Amino acid sequence: MKFIRRVIFAASVAGIIAGILRVRGKGGVPPQQGGWREVTPKQ
Amino acid sequence: MARGHSKTVTYAVVGSGVVGTRVVQHLTSLGLAPALYSHKQRTELLSKSVVVLACARPHAQLATMLIDEGVSVVSVSDNVSDIMDLLALHDRAVAHNARLVPGAACVPGMSGLLVSHVAKAFDVMDEVHVAVHGTGGPSCAREHHDSLSGRAFGWHDGEWIERPSGSGRELCWFPDPIDAKDCYRYASAEPMLLQRIAPSLQRITARVSATRRDRLTAHLPMLSPPHAEGGVGGLRVEARGSRNGVRHNEIVGMAEKVASVAAAVAAHTALRVGDCAPGVHVLGEATLPNADILTAVLASGLTLHQFVGHE
Chain A
1 MKFIRRVIFA ASVAGIIAGI LRVRGKGGVP PQQGGWREVT PKQ
Chain B
44 MARGHSKTVT YAVVGSGVVG TRVVQHLTSL GLAPALYSHK QRTELLSKSV VVLACARPHA
104 QLATMLIDEG VSVVSVSDNV SDIMDLLALH DRAVAHNARL VPGAACVPGM SGLLVSHVAK
164 AFDVMDEVHV AVHGTGGPSC AREHHDSLSG RAFGWHDGEW IERPSGSGRE LCWFPDPIDA
224 KDCYRYASAE PMLLQRIAPS LQRITARVSA TRRDRLTAHL PMLSPPHAEG GVGGLRVEAR
284 GSRNGVRHNE IVGMAEKVAS VAAAVAAHTA LRVGDCAPGV HVLGEATLPN ADILTAVLAS
344 GLTLHQFVGH E
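Those sequence lines, one after another, are chains A and B. Residue numbers for the first sequence follow the numbering used here, beginning at 1 and rising by one. Residue numbers for the second sequence follow the numbering used here, beginning at 44 and rising by one.
Just chain B, with the same shape it has in the complex:
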């Protein structure tokens, strides 16, 4: 059954954690009345037009059920396997006239919007390097912990490379007050999503900040329960390419709470998901109104920074 994206669009948010409650706040501040549900209240979700999945992963099974009923879905899951499962739902979404946007959080999500934004400064953009510092709520913290074990993917000169998570130390500078953090490769779907956004890219890396303790205990269960929310986090997107025949760099970043970024991105993506054709879309892809979403996210109180100078 097709869900029209007109005046009768109804929204629901699944998950009452830091991200879910903030998505509700965003939508409420715009005069909408989103309903907040738990992931067990599946039947109630079927009557909605757009559902934001901000609950603990995995999201693929619930998203499949919703798409089969023509409900559009925005997912904040950043788990590699979950995102790959969501990406595989394209044909299903098209068949049921639904839209699905996976990875609509901070990284991935905001990073894709920033890549789309900085791409305009290049004639040819051939490298993107993303780094993130901090976590949102407890689920994000667990994902951060798990992602430092296992395998990390990168795109290098036209082919995928696989390296151990926790390897590839690089000092990355974030906007104040975060400054410089040691960042490492980690299990993330970000390189796959960025390669989809910009197939011309030759090199793509994704790193996350980690302490020595994080890396040493990555293969163990979390030794202490995560905090309700992390502190100020950071996002850095560095793009390299050429402009007017000369090599050029663009570095943009944010220093905000990760959950706040994720919630703003998810909320404003949900508002605009009806602007695209049925199917799976990734933030930063040309099929989404990325500039509008980015403008709306920044207008909600988040600040974008640009690095000027040399590192």
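Excised from the complex, chain A in its bound form:
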């Protein structure tokens, strides 16, 4: 019983941490090559 409780506790903590990271994590963006340049309508 004690073992089961420990497993549940560990899984809960892991789930809470994963949830926090998912909600608050900033992640990253894939790189792009190139960039933006200003244009006029005639270009």
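Because the hints were derived from the structure by calculation, they are not lab data. Treat the hints with caution; some may be incorrect.
Stated by the list, open to error - Computed, partial: chain A to chain B, Cβ under 8 angstroms:
| # | residue |
| --- | --- |
| 1 | Val-23 |
| 2 | Gln-33 |
| 3 | Gly-35 |
| 4 | Trp-36 |
| 5 | Arg-37 |
| 6 | Val-39 |
Since we're looking at a predicted model, the values are computed, not measured. Here a beta-carbon is modelled for each residue, glycine too, at the ideal position from N, C-alpha and C.
Keeping the supplied structure of chain A fixed, place chain B upon it in accordance with the hints.
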């Protein structure tokens, strides 16, 4: 009664929010004297030549009343139902010698002008993908919130597809300082208007940037009141097609306050609405002087960017 579009053209703006006041500023800077009204002052509007509806939606009922008196109307409403109701007023506008331009804002509006602009770079343009980031005033923010619930339309290989709003995540790059934002399908009339502008298009999508919180709370009432105006927003138009037998891409974008873009588009559309025949016209359609409107909008201080490179 016909309203002549000559030296005696008079303008009115309905709505004193961020977009309405900026439309007035644009027209005033050009030496015109537009009157600013609330949507309740309907009688005063009937004596005007052109009315810009920059008040909270819906606009269809007020537009109908104005068109019946021969008053031309430019509407900044971006609500799907409202735009569809406005599009249905074509015969009425023709009968009363009035012009109506619905969706004369940022998206739709500026996006249509940009599609018309980039179309010149193709022999055949077959895809257009529009993404927008940010909101204008409080009405725009509420529309953004509402549009993430419900159904989103897209044009795919010659038929309309319907998907849940908030689905279809795609990372879209906007000009600096906005950079990359996760964008999702949303309830917008943009695909219908673009399909009207360019019937040869095979695929049309419209996406809006949204946070996780936006998507999770889309089905709830707005939990906090919207800001008076959003920050710097972004617009991205990606067109694909062929040029000289080779597949070609054009990506143009803007990083400006959404309300500023909407106001500039609405103001310069109002100035040129008399150049077209009576009826309903959509920005980007060949019946409007799109190049002139785009040039004037950019000359008012907004900047257009083109993406050069690979994503």
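Structure-based check of all given hints:
With its C-beta approaching chain B no nearer than about 7 angstroms, Val-23 (chain A) sits inside the 8 angstroms limit, and its interface hint holds. A least Cβ separation of about 5 angstroms between Gln-33 (chain A) and chain B falls short of the 8 angstroms threshold, and the interface hint therefore holds. For Gly-35 (chain A), the interface hint holds, the least distance from its beta-carbon to any beta-carbon of chain B being 6 angstroms, beneath 8 angstroms. With its C-beta approaching chain B no nearer than about 4 angstroms, Trp-36 (chain A) sits inside the 8 angstroms limit, and its interface hint holds.
The interface hint given for Arg-37 (chain A) holds, since its Cβ lies 6 angstroms from the closest Cβ of chain B, which is under the 8 angstroms cut-off. Taking 8 angstroms as the C-beta contact cut-off toward chain B, the hint placing Val-39 (chain A) at the interface holds, the least distance being around 5 angstroms.
The structure meets every hint from the earlier list without exception.
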